[in-house]
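There are 2 protein chains.
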Amino acid sequence: MTTPVALEPDAVLSAARGFLGDRITTNAAIREQHSRGEDSSPPTLPDAVAFVETTEEVSRLLALCHRHEVPVVPFGAGTSLEGHVNPVRRGISLDLSRMTRILEVNAEDMDCLIEPGVTRQQLNEHLRDQGMFFPVDPGSHCTLGGMVATRASGTNAVRYGTIRENVLGLEVVLADGRVIETGGRTRKAANGYDLTRLFVGSEGTLGVVTKVRLRLHGIPEAMSSAVVQFETLEGAVRSTIEVMQMGIPVARIELLDDDMMAAAIAYSKLEGYQPRTTLFLEFHGSEAGVQEQAKAVEAITSGHGGAGFRWATDAEERNRLWKARHDSYWAGIAAKPGHKALTTDVCVPISRLAEAILGAKSEAKELGHFTCIVGHVGDGNFHQMVLYDPTEPGALERAWDMDKRIVSRGLDLGGTCSGEHGIGLGKREFLEREHGPEALAVMRSLKQALDPKGIMNPGKMFRN
Amino acid sequence: MTTPVALEPDAVLSAARGFLGDRITTNAAIREQHSRGEDSSPPTLPDAVAFVETTEEVSRLLALCHRHEVPVVPFGAGTSLEGHVNPVRRGISLDLSRMTRILEVNAEDMDCLIEPGVTRQQLNEHLRDQGMFFPVDPGSHCTLGGMVATRASGTNAVRYGTIRENVLGLEVVLADGRVIETGGRTRKAANGYDLTRLFVGSEGTLGVVTKVRLRLHGIPEAMSSAVVQFETLEGAVRSTIEVMQMGIPVARIELLDDDMMAAAIAYSKLEGYQPRTTLFLEFHGSEAGVQEQAKAVEAITSGHGGAGFRWATDAEERNRLWKARHDSYWAGIAAKPGHKALTTDVCVPISRLAEAILGAKSEAKELGHFTCIVGHVGDGNFHQMVLYDPTEPGALERAWDMDKRIVSRGLDLGGTCSGEHGIGLGKREFLEREHGPEALAVMRSLKQALDPKGIMNPGKMFRN
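Chains A and B are the protein sequences, given in the same order.
Sequential numbering of the first sequence, starting at 1, is according to the UniProt record's numbering.
Sequential numbering of the second sequence, starting at 1, is according to the UniProt record's numbering.
Note that these hints are calculated values from the structure, not bench results.
This structure is a prediction, so every number in the text was calculated from the model and none was measured.
Mixed in with the good hints there might be a few duds.
To be verified - Each computed DSBU-like pair below joins lysine-lysine, with the alpha-carbon atoms no more than 35 Å apart:
1. B:K295 <-> A:K295
2. B:K295 <-> A:K211
3. A:K211 <-> A:K269
4. A:K269 <-> A:K323
The shape of chain A in the complex, shown without the other chains:
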């Protein structure tokens, strides 16, 4: 299974023009735009790009590709960091970014039904007047369809869960063009196999998501932020563990290590901060509730060497702080002009986080790498940026090697090779090591059951 498939793109092209017209194209520039995401793998040109607008078009196109055994690679905003949208076996890049309708918003049930090309920002803009929001925030301009496909997460998963916990149901087009609905409108159900969760995180290898029903949340009455700096990384991690144990419902708790904080101070012109391990926090609740949360967190952090606890209720100040946090990727890159970055995505049990980060940092230093770290510390997930000079021969390969060492250490500590970016091309070699051969065989048998010809995003998740 998932072996390279025979390609008859011409037959697909001519038939698909019948219902897509010039929305299926072999234009060189457009194929180039669909040859990769934001990953560091070599690009591959698809044979054609199809801009679909309806479920029916997706279904007809998949039925065609299935008949002719032509690969299909779903494409949203192209922000994948792990090569998901790279058409490594060519075929059709299926661009869903024009499917941007918000089909339903149900205020009483706090759910909505959207097309997969809708972004989080677009959805939240639409919801704002109704006092609701969708919390899952990976920090990039990705589509919600892409977030479903990669089981995305982000800065406030610690309170609101990842997209897995916030999807109620899906419409999915299967490899052969059949259309199914999974899940439903109720908040819970014990009604057969959980097909929704099977497709969430399946990275386009089992079918194409064409509608998403999401759970929404009420915009909290009050929000506040806090920043606290630590003498040691352990202090920041121990504080986080205690916050979680106390059940303080922090909305975000994010870590920047000393190198990343130095980069952020320089890039975002933050004043009054030291280049030390830092926690950024956000509290959601009632006016009194967020004050109480902040006080409780301050008491905890001060017991672990946290100092200079700065609390901000003012929206402008909060936005400035969180913009600095969200810009940390660019701050990290700016720390070494002319460099690029590989970003790892290890997640470990929180109790092992200090060990994972300190070990990876010191190994990187020994091997001559400059790295900086940002972490969704409440979830035990951290991203270590490995900077490299793309003009230096072998630099990318050495960065990949460092990346593998970081992942390997994370696995040794009981972690996973991906907290939120997915497997794609980049993490395939770790999937078997993490799950074992029998569990991997089960995954393969599910793939075989749903996509027997292996046309759905071939070469991703599994190595062959």
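Guided by the hints, dock chain B onto chain A, whose structure is given.
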């Protein structure tokens, strides 16, 4: 697939005695105990009952049953209400109730690893000294393995989620005896297909769960309860919707309709309450937080005809109230001496809940049934007990007919046939209607991929 399988129980018996000794038995009384759960379907005797104690025993027994095509029916505490443990195609009843070890508790990561025969009560007893608890509470003495198998839920899912959101990983023995581990120790992961969620709610039809890793929660600093009575059912439902929209983090919000409240007043000797639609609430948080929540809820309920808001922080008073809520099943039965009850488990979008309940109540009254309702109203899930006299010819059949009418109305309102009890035998006919033939075909293809001989709990979930 899932057609009746050939039975060679004698070959399995003699081989299994080699490693189980007298823990595999054909004793008539033990077979009788394993012939049904707490459902209303006719019992079936298994050919034998095996009391397993280790994963290896489960693996060896399944490999044997697989070779000889003998059905295997996992059995925990036998509390299923939908016929899950009824060995309708005979074979081996696999009793896991002796696998009761708590293997790990990790306070820093707030997780634990247990065997499937552990009950929620046993686990919480074990955790109490460490300031943690496992919240999912179906209100019966079921095993956690059974809760995983049926995707159980209960009174505080509205705050803490169902067991689906609280399982980190599983060890599962597949139909052919292979052992896999799913999930892991991290709080989130984007690492391949979500096998954990595939087995959660699979009702023993895909494999046998032999270990469960659970997320734990900190015992809140303060807890309080409140009871409020309403002039109308709509008032109670509208109040609930508003509480959810405001994001008030109620830990439990439970509804008793007027008939159920009358039964509870009589059975639990509650004083000072009227036989009216009533909400029972519980608040978890800090001292100030629970006060604030209660005040906010009181303001909301009084705007919807709620009166006599009674607030209890005292543990004894709280326990008395919640005991009355938990005893409501017995209270309902006691309302009609000599009667038995069929319990439905419909879940609808909350916005349709008043309609679902009022419609079902008035239809029941027209058809001459006495019914009373308890609902996990924050989730849109309600249980309508249909009382019948087992000595009256045709009474059970008429109760089943009423049950089907309630489910049918729930589906028409965008709901599901099971919020938390599962499909088992009782809801099979609704599964296709709810999901459609294509989605059901996908479920069947997954079953076929993992259990090609159809030995795992045959006859459950699917009709053939």
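Here is what the structure says about each hint:
Restraint check: the Cα-Cα separation between K295 of chain B and K295 of chain A comes to about 22 Å, which is no more than 35 Å; the hinted pair holds. For the hint pairing K295 of chain B with K211 of chain A, the CA-to-CA distance comes to about 39 Å; that exceeds 35 Å, so the pair is violated. With a C-alpha separation of about 41 Å, the suggested pairing of K211 of chain A with K269 of chain A is violated against the 35 Å cut-off. Between K269 of chain A and K323 of chain A the alpha-carbon distance is near 11 Å, which keeps this suggested pair within the 35 Å criterion.
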